[in-house]
Amino acid sequence: MSSFIGRRSLSSGISLIGLIVLIFFLSRLTGDPTGLYLPLDASLEARDNFRVVHGLNDPLIQQFGRYVADILQLDFGESIRKARPALEVVLEAFPWTLWLAAVTLFCVTIAAIVIGSLAAFNVGGPFDRLSGMLSLAAASAPDFWIAILGIFLFSVNLGWVPTSGTGTVWHWVLPVSVLFIRPFGLIMQVVRGSMINALSSAYVKTARAKGVKERSIIFVHALRNAMLPVVTVIGDQAAGMLNGAVVVETIFGFPGIGKLMIDSILQRDFTVVLAAIMVTALAIFLMNLLIDLLYAVLDPRIRY
Amino acid sequence: MQNVIKTIIGVSLLGAAISSAYAAGDQDVRIVLNEELDVVEPCMAARSNVGRVILQNVNETLTEFDAQQGGLKPRLATAWEQLDESTWRFKLREGVKFHNGEELDARDVKFSLERTVDKSMICEVGVKYFGGTEMAIKVVDDQTLEVTTTPAQPILPLLFSTVPIVPDSTPRNEFTRSPVGTGPYEFAQWNVGQNIILKRSNSYWGEQPAVETATYLFRSDSAVAAAMVQTGEADIVPNIAVQDATNKDTDFSYPNSETARLRIDVQVSPLDDRRVREALNLAIDREALRGSILSADVIPATQLVVPTTSGYNKDLKVWPYDPTRAKKLLAAARADGVPVDAEIKMIGRTNIYPNATELMEALMAMLQDAGFNASMQMYDVAEWNGLFIKPFPEGRKPSVLQAQHDNAKGDAVFTAYGKYHSQGGQSVLNSAHVDELIEQATSASGENRASLWQQLFAEVNGNIIADIPLFHMVGYTRVNPRLVFEPTIATNSELQLSQISFK
Amino acid sequence: MIASTLKCARSPAEALAPPRHPSVAMLKMLWADKFALAAAIFLLIALFCAIFGPSLMEEAATKLNLRDRNAPPFDTERGWMFVLGADSLGRSILARILVASQNTLLIAAASVAFAMLVGGTLGLIAGYSGRRVSDTIMRLADVIMSFPSLLLAVIVLYMLEPSILNLVFVLAITRIPIYLRTTRAEVLEIRERMFIQAAQVMGASSARIILRHMLPIVIPTLVTIGTLDFAFVMLAESSLSFLGIGIQPPEITWGLMIAQGRAYLNQAWWLAFWPGVAIILTTMSLNLLSGWLRIALDPLQRWRLEMGGNNNAN
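Chains as they are written, first to last, in numbering that gives the first Met the number 0: chain V, 0 to 303; chain P, 0 to 502; chain B, 0 to 313.
Simulated from the structure, these hints should not be mistaken for lab results. Among the hints, erroneous ones may be present.
To be verified - Taking lysine to any residue pairs in the SDA-like style, the calculated list, with each CA pair at most 25 Å apart, reads: (1) B/LYS33 / V/LEU133; (2) P/LYS389 / V/GLY30; (3) P/LYS118 / V/LYS204; (4) B/LYS33 / V/GLY124; (5) B/LYS27 / V/ASN121; (6) P/LYS247 / V/ASN121; (7) B/LYS62 / P/ALA295; (8) P/LYS247 / V/LEU157; (9) P/LYS344 / P/LEU428; (10) P/LYS326 / B/ARG192; (11) P/LYS313 / P/GLU277; (12) P/LYS118 / V/PRO38; (13) V/LYS204 / B/ASP297; (14) P/LYS127 / V/HIS53; (15) P/LYS326 / B/ASN64; (16) P/LYS247 / B/ASP67; (17) V/LYS204 / B/LYS62; (18) P/LYS344 / B/ILE189; (19) V/LYS204 / B/ALA295; (20) V/LYS204 / B/LEU63; (21) P/LYS118 / V/TYR66; (22) P/LYS344 / B/ASP297; (23) P/LYS127 / V/LYS204; (24) P/LYS118 / V/LEU39; (25) P/LYS396 / B/ASN165.
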């Protein structure tokens, strides 16, 4: 097990470095940020000065060398946009995203497992049909649609929760609800699908033949074996959420990493983009590691 | 993050009193801006959101431009005079204190000016208003200073209405994150990502304003920001989209000093033919766009400066909608061998103003109806910049480019050079006559200056037809009915809390 | 009484008898599931629109009429073309949805198919082959997952012209990991099952084991995810358009219509609503059909459909 973790860390480290190199060079191909930061009327001289101050005039290779040298001293560079250390900017935003993702996924997982299992238990039955259609319709509706309708219904008309922003736990209700919908549809479908497989497999039939209660068949015998693909999908959804929830963050004024990333990309604030990717990639690598370890726990036949 | 944990713990205490948890106190206002501020550095106040928080609230300027009446008002300077062509003397107000207790004196002003134009700082104010101007600043005594510029700057007092004054204890080579000024409000708190809080200062030299604290919140979505006033979560949203301005009692339109146009690339055939450029203008039905895609309050434009600008040429007439004549002009040009059927690319910028894409779609349909082979393409800012600002791409195709220009400062100099001088950063013109007019006007003053600017616009928009001028635009502000606040043309660049009172 | 019992007893027997032709049997099974039937009909209509819509409706979909701006739906005065209302430039929403179906379905189908193919293949390889290959592929998935899709879109569409093909490329790449990881997870589990090990012992080649024994088990899961992904891709395309880096006017897609309708959600809900409904209906139809297909292709479950419509009543 520990050799697995060591090997995994090494290969993850290598791919992280590859990712950074790739993004460093590719992102510079998207154009010069100078025009975005200076007023339109800035003179050519002022533009040149901007490039010199931010080191954009040097050859790309030289810029990269400097970047690597700085990284080795844990200096992730300065954000052009915010005029402060890029890592600081990212670490301010990341916890918000982490919390949002954690709360949402917690709710999603529980709801999806319960409803998905019940649906699988009576395939083609009314509950199966209804839950399938509703979750599917909700998951394929545009999220900003649901977000804005939610604000108008629950904040403006009913006055139950604040429209947006942060501060109290009530502020989290709408963003989490909106974020909940899509992964719920997907995960529920996967739970249902693999539960159907599991319920028709030999060991469940054996359990049934032995006279084990139906409820414990679902939640003990079948579920455990159905969890493998479910865990995978949850992991994928979590990875997506760690990259931030742009629409939700934008609409609800939530200071997470999705909005930061999108603004930094559109503003060509390369240092922040890189720092953000390093932080989220690290989180994603860690999570994928966790998921692979979970596989082994869930299915003793899988060894590393 | 601690806040989050704290709030999660504190839920039970909140109980049923949700609404009171986010209702503002009596003398407090909450203002919703469309983007979080990246910086709060006073010398970046030329950016509109920084200006709305900082300008004249936290940091004041020497002079203040009266955007409605025109003309300059004293602020931190009480008087100024021109000593010779290139030297100005400013007298400072006495008894002004910074929020940190220091007295304002001439050394602070000298420090602020030098800091603003410092190359290593790259201040928006410096780059935008002082590019190409060298300043030598002499402190005469505590309340007096003399500024000599090369080249001579006849509108120096106007330029100084853009420079926020900071104490000389402010960091010299980096942006401050806790600005100190002389204004009626102290910069109290910045919870990054969440809000900025200003508190009323006790030591302000002027009249004490009504608002006690101001909290700035950030929401990019106009519908949400507008809804926040409805629920009582906010008091002022300086900028909502026209389609969200649905309530006459709370939503006010104001001229936002922006002028929308399409820049015609006059150097590329067939757009190098004046008849084709005239036909472009005649093909646009400006009235049909008003009150539909754009607000009913926008004013059809003839030139790039707003009517209150000194140098505005009121003799220019709005182009009529005359597709028949446009077709005739095109036919005449075609007969002379001008390739009028070449594809004309309409270069747009996503979200340059509300409904920008729809406007371009409508304009494209109008040009096509008049017989142009027009196609459109929307770009994001970075790409659009590459097409708008010199150096222009090699071997470019005929194009018209969607642009918008903001000049709230009352003088055409902030427009003319960059847009029309052959050396200007976004200029496609190459006319000796235009260059000469601009250079003469820049160094002239008074009546003569205004008249030269008028001649320039007659030349550029009447004779050459370098643009398709569209509209002088308006913005919409939503104001909570408990406040008395009226947006003005200045609301695009500043939002003085002292102008707000309570009913 | 006796007759009806006889009848009931006969039908399963009939179903078990060899059908005249496989496609007839399939159609019969489709007829048996009314939901799937409706879904199939809807998809056929969508396909028809995608192929013929642009040539039939182009004119109505692009004709500007600022006076009818944001005209409400179900207003008979303007004729049936405006039954769904008009958009912010006074164009018929119905016509635009029909025309946009071509680009939309093309982009979504191509992206999902490409991602499924590449992701599924890599997942099978990663699950079945040795540790080194598997690790390499999984780290590749990690890299793609950590690469923000928006950045990828900006890079690709900035360097190359924004075109449908490039957009498909961007959307497909970002969706590969989900197929890859799911496939691998399933394969890891299947690999340990008895019949696979039996096949290995009997000397079956790896290719045969993967294609004949593993693929049929993996495919239903992939298809389930794929149908959901169809909606995801259409909406992702919508958000790219909204940010100004995806499909841009005058091209139309459902996603773009939604993005443009966003600003009017408060005043003219129908601008974003109808294209949203089109996306939802397409996704649901695909999902129903895939659910049906899953049963129809599974020898153990097929009886549910062959029993006839009776089974659906429960």
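| What are the numbers of the hints the structure violates, in ascending order? | 3, 6, 10, 17, 18, 20, 22, 23
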